[in-house]
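**Q** Taken in sequence, the protein lines are chains G and F. Residue numbers for the first sequence follow the numbering used here, beginning at 4 and rising by one. Residue numbers for the second sequence follow the numbering used here, beginning at 1361 and rising by one.
In short, the hints are calculated from the structure, not lab data. It cannot be assumed that every hint is accurate.
As the list claims (entries may be wrong) - If the Cβ cut is set under 8 Å, some of the chain G residues that face chain F in the computed set are:
(1) P47
(2) F57
(3) R92
Stated by the list, open to error - Beta-carbon label-pair distances, calculated as ranges:
(4) F:A1561 to G:R314: 55 to 63 Å
(5) F:S1545 to G:L149: 55 to 63 Å
(6) G:A71 to F:A1486: 49 to 57 Å
Unchecked claim - Chain F is nowhere near these chain G residues, computed Cβ spacing over 10 Å in every case:
(7) S48
(8) L50
(9) E51
(10) L100
(11) L109
(12) R142
(13) L220
(14) A299
(15) S310
(16) L313
Computed from a prediction, not measured in an experiment: that's the story for all the values here. Even glycine gets a Cβ: it sits at the ideal position worked out from N, Cα and C.
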Amino acid sequence: MTAPATPGVPEPHGAGEGSGPGRPGRDGAGHGETGASGTGRHRPSALELDRRAFRKKQGYRSVAVSMASTLVFATVVVLVLRNTPGWPRVADSFFDLEAARRSFPLVLQGLWLNVRVLAVASVGVLLLALVIATLRTLRGPLFFPLRALAAAYTDLFRGMPLIIVLYLVGFGIPGLRLFPRMDAAFWGTLALVLVYSAYVSEVFRAGIEAVHPSQRLAARGLGLSHGQTMRRVVLPQAMRKVTPALMNDFVAMQKDVGLISVLGAVDAVRAAQIETSRYYDFTPYVVAGLLFVLLALPVIRLTDWYSARLRAREQMGSVV
Amino acid sequence: MADPVLELRDVWCAFGDHEVLRGIDLTVQRHEVVALIGASGSGKSTLLRTANLLEHVDDGQIFLSGQDITDPRVDGDAVRARIGTVFQSYNLFPHLSVLDNVTLAARVVHRRPRAEAEEHGRQLLASIGLAAKADAYPDTLSGGQQQRVAIVRAIATDPELLLLDEITSALDPELVGEVLDLVRSLKASGSTILMATHEMAFARDVADRVVFLDAGRVLEEGPARELLSSPREPRTREFLARVLAP
Chain G
4 MTAPATPGVP
14 EPHGAGEGSG
24 PGRPGRDGAG
34 HGETGASGTG
44 RHRPSALELD
54 RRAFRKKQGY
64 RSVAVSMAST
74 LVFATVVVLV
84 LRNTPGWPRV
94 ADSFFDLEAA
104 RRSFPLVLQG
114 LWLNVRVLAV
124 ASVGVLLLAL
134 VIATLRTLRG
144 PLFFPLRALA
154 AAYTDLFRGM
164 PLIIVLYLVG
174 FGIPGLRLFP
184 RMDAAFWGTL
194 ALVLVYSAYV
204 SEVFRAGIEA
214 VHPSQRLAAR
224 GLGLSHGQTM
234 RRVVLPQAMR
244 KVTPALMNDF
254 VAMQKDVGLI
264 SVLGAVDAVR
274 AAQIETSRYY
284 DFTPYVVAGL
294 LFVLLALPVI
304 RLTDWYSARL
314 RAREQMGSVV
Chain F
1361 MADPVLELRD
1371 VWCAFGDHEV
1381 LRGIDLTVQR
1391 HEVVALIGAS
1401 GSGKSTLLRT
1411 ANLLEHVDDG
1421 QIFLSGQDIT
1431 DPRVDGDAVR
1441 ARIGTVFQSY
1451 NLFPHLSVLD
1461 NVTLAARVVH
1471 RRPRAEAEEH
1481 GRQLLASIGL
1491 AAKADAYPDT
1501 LSGGQQQRVA
1511 IVRAIATDPE
1521 LLLLDEITSA
1531 LDPELVGEVL
1541 DLVRSLKASG
1551 STILMATHEM
1561 AFARDVADRV
1571 VFLDAGRVLE
1581 EGPARELLSS
1591 PREPRTREFL
1601 ARVLAP
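The shape of chain F in the complex, shown without the other chains (with noise of 0.2 Å):
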């Protein structure tokens, strides 16, 4: 199992005087599901970015499958490449196609035949049942196609790690459920995920670990069903008190 894909060391990120993480030590091995968990302004989304380097780190190391990508050497752009990114209001490309939005990287970045990508894109929307949307724009899809069409776009690469930032967050509850059988669906079929939600049951039934962050630490972290039904932290008591409330 020791075969990790993502692994924060220490890393610390600050806006001006605002430390946003401050220390972070994390592991996420392949094939796993780890959700970040925390009040809103803990950290989760800086932390995600970090790990794609869409933020600056002001301390500590990053690796992505053992290399180093903070390193001020390395070459951010081909990192996110390996990376697939989901993000909580879509950000699909809305000038073009769903087919194009999906088959964009491969294109651009990957440099596949549009051919190739292209019939790689539309099993991938077969598979979601969003085939007959291909040649749609996204502004006429539902909240919860777009967000399925971006998890898709995101995969299309095959990337060695997904990062999803609160997928569900701007959903109406009804169609917050396609999205997560579709995350389901990837965990089953050995994605290597790191996710912040705000979905605890979700992540109760999806997560392999849960991590829970307090004001730019990991406060607690340990398997997803008991660290969400008997937590030792009190401040991770009171959280999920807070959120759990009906």
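Bound conformation, chain G alone (with noise of 0.2 Å):
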């Protein structure tokens, strides 16, 4: 239900609707106690505001069914894990407040090396991605290889296992001694950027493919050329139609980050690990995917926002 407006909020028209001969008197058809005034909003008439309190009474009454359910649910949840024979003994290495106490300053300095390398990797992952979107829509036989390569790429990393990756990218490069040595995070950031690139250039490429022709058209027939087109007129609206793709995916990473450990960078999977090996308590690994859970969240929330307000925006206020 569309929220309704503010009632007795005082505000001005839109231009050109207060004045002029469009606004005559509403010749007493026997609604008078809606009349609006010359100058403010409509006020609304008991009948409405009757209406908005029964949908109000109806969303509280919704709100309420909702807790009560979440609250039997959870019941349940807690009285079957609880009665589960083996529960005291995972209760006490996986949910060890002392130990997750202890664990918990190294795990959380451990996601910070996260942090670092989803920031540098998702700049990393849009900029390749673009570029290989963008290398298989050239059309003409002059661009063959290209196209090919890109098509190969994505083929090769879509297909390929983001754990061998890293091995392969984290081990084989470096044994080839022909750069100098590198820390552990930049390989596996490195690896993340060649994965990731290959799924979001395939989504950068559904939305440039379902930007409507007659666009390219329209654009074409300006005069533009087939660069210009794409950059002016193509990837804008493709770039609105794939953020919520785009943020899904992002998401997906910020999660993946955490397998730079496995080339021993010593993120916070990583100093779970050795927390956990440390003290024999399995606590570590759950503070540290609690901590992963946080910081995607803000990101999830932001993405059912925005496919909310364009879904909005295109229905232009409807309600179905």
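Two chains, two frames, a set of hints: combine them into the complex.
**A** Here it is in structure tokens:
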């Protein structure tokens, strides 16, 4: 239900509306209580106020119902868990508050590395993916090698498991002794960029192809070249279309960043592993997992909000 | 004659600060054809969309055959199942055949058996001369054919009321005629129609009554011929002079 406008707040009418012959008197047709004054907004009738009150009440009711059902659900889950035969042992080795407190600083420190890797990798992914997507849209026989290369790239890295790419990049490339010694986090970032660019470039390509052909015709009709058309007309619209999908990929990458631990980088996962093996208690993993969730939550909420806004704009206020 | 199918009482509708409908009173009697005219932005389309609850109402009441459909307890889907709507740009479903477009609501909303719905659908398509196109897909049809299919889709479930939203505005001039002929035959068969239109000649010819909207209000209404040939309000005269000028 669309939120009703705040009643009783006087606001000026839109331009060109509040004056001129367009405002004839409402010739007293019997709904006198709803008459609008010359300058203020329409004052809602008693009937409309009743309807709003009813909707509000419905709103409260549904909140109450959802709270009650959540409570019941949570109680059932807790009861079932606590009555499993192994619960005391699991609680001891996975949910030990003391172990959580002990490992927290190190895990948090590790998470800071994840955040930095994530920041660098997402910029890298955006750039590389855009280049690949653009290469794949190039027309003409001259560009065949580039097109084929881009296609092969996306096939390869979408097919290969991230962990294998991590091993190959993290242990293979340094083995060439072509580059100076780099941190494990560097190679991890590179592997993430390689894999995620393959996915994200396909998202970009889908967005580019989803822009209606008439837009391209209109741009070329104005004399814009293929490149100008892409940059000025197609890509801006494509970006808007794929933003929710991109944010979703970002969330996925946010947790895959934890995989760089396999290369030996001391990130949140690795820190948790160290703590775990030191005290034979798995709680640090739970701590790290929860921290990753906390890290992802804002972006997840932002994605939901943005998609809802996009949908609202496309529907132009319609209620279905 | 006092058997109103649709009745709007003091209907208001705003998008943010922009009040699109500002106290509309309007009645459509059974078997009556009412044409909404007015400049773009005067609220014609919004009015039609409030009538089938595709748009919220900020105040006032709308009655469909006596039932207050603006009551928050009313099920909007059930209301819309009783109303047929035709849009400016046809809005046929491109992934369904012409026949499936026509029978979708009958099968899914009204739970008619497929065979029965399809027989009725084929009859309707035959009545507009498109029987041969039943299994074709919408994008293989001309604009006029598509819009006629859209009209048939809207009437396939025998709605109490038909809402037509500028159904000829997206058509080539030579295709307008076939669509308007179909509306004429609907009127002849007794349909109740509320339509927004830019075709003044058509409004004069088919509508029983014409309602002139200006800035979200009903500025003037009356029998079609009378209002269109001798409007009382200066704004109406101005509008008609502009749209009728060659």
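**Q** Hint compliance check: list the failing hint numbers for this structure, sorted ascending.
**A** Those not satisfied are hints 3, 4, 7, 8 and 9.
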